[in-house]
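Participant: Below, each chain spelled out in residue letters.
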Amino acid sequence: MYKLFLCLRYLRKRLITFIAILMVMANVAIMLIVVSVMGGFLDMVRERSRSLVGDIVIDSNSIQGIPYYQEFIDTLKTEMPDVVEEGAPVIYTAGLLKLPDPRGPERTTDRLDVTEMVRIVGLRLDAAVRVTGFGDGLYYNKYYPGTTTLAPQTQPFLDIDAMGTFSLPEDLERAFLGYLETEANAAEREKWLPRDEGPAPRPGRWDPPPIDPDAKNLPLPGMIIGVDLIAQRTDDGDYERWMYARGHEVWLTMLPISAIGTFSASGVRHVAGRYIDDSRTGVYDIDSRCVYLDFDTLQDYMDMGPQNSSELLFTLPSETRKTLEREAIDDALRQVFAHHDFKLSPEAKVTADKEVEAWVILDGAYTFIIEQEEDDLNVTGGLKLPARASQIQFKLRDGIDPDQAKTRIVDAWASFFERQRGKPDWRFLTYVDESAIQTWEEKQSTILGAVEKEKALVTIIYGVIAVGAIAMVGCILYMIVQQMTRDIGIIKSVGASAWGVAGIFLGFGGAVGVIGAVTGSAMGYYFVRHINGVQNLLIRLNPGLRVWDPKVYAFDRIPNSVRIDELVMIAIGAVIVSIVGSVVAAWRAGRVWPVEALRYE
Amino acid sequence: MSKALAMDKTTGPGPSRPADDAPIIRARNLHKTYIMGSARINVLTGASVDISAGELVAIMGASGSGKSTLLHILGALDIPERGEVRYRNVEIFSGGASLRDRLRTETFGFVFQFYHLLPELNVLENVLLPAMVASSILGWPGRKKAARAAARELIDDFGLTPRIRHRPNQLSGGERQRVALARALVNRPKVLYADEPTGNLDARTGQEILELLERLNDAGQTIVMVTHDRTVAARAHRTLNLREGKLHKTAGEKQID
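Protein sequences appear in the order of chains A and B.
According to this note's numbering, the first sequence is numbered sequentially starting from 1.
According to this note's numbering, the second sequence is numbered sequentially starting from 1.
Be aware that a few hints might be false.
Rough simulated footprint, nothing fancy, chain A against chain B, three-plus residues with beta-carbon under 8 Å [unchecked claim]:
{"hint": "1", "segment": "72-84"}
{"hint": "2", "segment": "151-165"}
Derived, one-sided and incomplete: chain B residues facing chain A with beta-carbon distance under 8 Å [as the list claims (entries may be wrong)]:
{"hint": "3", "residue": "R102"}
{"hint": "4", "residue": "R104"}
{"hint": "5", "residue": "F110"}
{"hint": "6", "residue": "L118"}
{"hint": "7", "residue": "E120"}
{"hint": "8", "residue": "L121"}
{"hint": "9", "residue": "N122"}
{"hint": "10", "residue": "L124"}
No wet-lab data here; the hints were simulated from the structure.
We put the CB at the ideal spot given by N, CA and C, even for glycine.
Hey, can you work out the whole structure from these sequences and the hints?
Facilitator: Encoded structure:
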């Protein structure tokens, strides 16, 4: 009984105890804040990353892409209907985005054209919406549901009535009113009500009717642009749009890649499209880089669709060029198709004319054109190549574990590929072997891993600081034991055992830990919950005190959720290390010899 | 006489009565050496003593002669290098630290020259401390009431009731020593060891403490007291002199074997 009594009494009566408690409290609070903010950040990144891709992703690790993607999607949906719900092919390529000055081409000075290097993504919007969370981040589609499409379209200009008042085209206005009518958006109705003066405000940016509508009303493929390419993120996490209205004409420049990884014969593509929505994934790296096109449109632009004619170019050695002998061409082609036993068939013919030096015909299935140009001699292969995609994404049925599904899909892929061997052009498709099949978590491991490592690093750093603080608690307890040597002698003189005296200090350390952990947890919890308010207060005092920049961290709010399991772990950890910190002091207290202690003054 | 001062009959009769013949404390051939730097100081070199129940025994000796050391060994606060101390025929150093701890809690009480009260505790809490040491955390609720009653009775007997919530630093020397005495008695010890109980007090206050000890002894409390003051020792039934590490009877100066 005396252990508890004295422990509690020393807690109350010694100033140095409060210092120890304050140290534990501060460390618990700091640890909780760090772990919560970093953990919250990780959760947000994980959530966003999760919504960006399907449950299973098959990537082509080569630039040529994955052939037979649609066949494979259909195969999986047929053979594994209990596992795979939907599949969607995606094409990725690099390109340039040109945002022409919206004031028109007639303006020749002070032009505001913007050109950005971008990642062009070809996707089937309906499938992408079903497979990923892509649809959730579409701004215009949120307010005007169902109006975002990647199909060719004209620019939706504002209508103007006889009174000179602008209004949205009827279909868009109807879609917007439908949005407002849903119960979930009831709170927004007030904001968009008609005003006494001027047109009712509507989300987004719309252009007034053009002076010459015909000139600007060509149907162009729809393009979704990452929001950070067409808007400026403000300090409060919102976006300030630049002058680009929905339907604004934009240009993409891209370089098609042939099935064997060379530049396509068709050369650089420079195509126009209409900006019809902006994508807000919340990940800056994506929102500042990606432009989305219709899959089939991009496939066509990139020469990745099914091909019947020659688009492949191979450079032959100069000696071969000169002779055009069959064996030399055999060797040259074998080098090109390094992984295959490639040989011209006896029926192959080598012909030449004025523009085309030679024709090589292989079994009637493939045609290679050997072109003679000034300096180079190229082999151009014309063959029936299958359409290609860069990636296939699958959405799994609810409750299906991605790792288990991946194993089955890997097997299915091997079996599917084996079946392709029978097709005449399978030999060209070496790149399918390089395809990687990953779960969404593996796919996003780079970004998730970075944040996880950051969290671990920060936790370790603060953990080391906490260990230092705990050592200080141990020192404080040791000092208390030093101060209390005489008291320990007194307590022992009335019969307290060595273990009993040690128990006082272990209990004391534990009590310091418990009080510090409870108060620190409460303080840390309160701080985390109000962390954005604290930051706002700091910003009001001095804008330079902003610690969480939405432009840097991709998210506009500091994560402010506290995981109870982490809170409990930190609190328990604090109590344990406080007790551990008190072990030396307790051990020494237990060893105090009462007679010596009573002489101690 | 209050119940608190009415000692357990097993302690034997008070000084006004003849002590039991069979000693409750029997110490033999005690040796204790202190090593201070390169010097070895043989404090006890074969000291022996018998204490009977109900006795008030004074141990005298020159400063540094080992009186306190002897008292500490008899009271299981310290361990001799050689020799034995028996309490009711139980060798107190053979049972390990737990036996000595239990003896200090339940059987022996100590009063020190410098009071040795815990400064964080008030009078009542200081007096209650041995009772708490004797009780487990689970046993305390059942024992608390009786312990508090015994403590309050002692405090009342010693005239400290007005001071019951005061801390040691708010008390006079005499009051502190009375608190220390109450603390020593709260578990009704069989033997009370007092180390210079009046050594730090003025004559009048010392006299009050001595009277208290006499009252206790009258009530049957066995008391072993260390003092260097002959007038104090004169009030004991028996006085022993510690010289050259051994105890001698004052009458006839004969060494106890």
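Participant: Could you run down the list of hints and mark each one as holding or not?
Facilitator: Hints, verified against the model:
Look at the segment 72-84 of chain B against chain A: 3 of its residues bring a Cβ nearer than 8 Å to a Cβ of that chain, three or more, so the hint holds. Here the segment 151-165 of chain B counts 0 residues with a CB under 8 Å from a CB of chain A, which misses the bar of 3, and the coverage is violated. Annotation: interface hint on R102/B holds; nearest CB of chain A at approximately 7 Å, less than 8 Å. Checking R104/B against chain A by beta carbon gives a least distance of about 4 Å; that is within 8 Å, so the hint holds.
At about 5 Å, the closest approach between the beta carbon of F110/B and any beta carbon in chain A falls short of 8 Å, and the interface hint on this residue holds. Against a cut-off of 8 Å between C-beta atoms, the interface hint on L118/B holds, since the closest Cβ of chain A lies about 6 Å away. For E120/B, the interface hint holds, the least distance from its beta-carbon to any beta-carbon of chain A being 5 Å, beneath 8 Å. Contact between L121/B and chain A, as hinted, is supported at the beta carbon level, the nearest pair being about 7 Å apart and thus within 8 Å.
Interface restraint check for N122/B: the shortest CB-CB distance to chain A comes to about 10 Å, outside 8 Å, so the restraint is violated. Because the beta carbon of L124/B sits about 12 Å from the nearest beta carbon in chain A, more than 8 Å, this interface hint is broken.
In summary, the structure is inconsistent with hints 2, 9 and 10 from the numbered list given earlier, while agreeing with the others.
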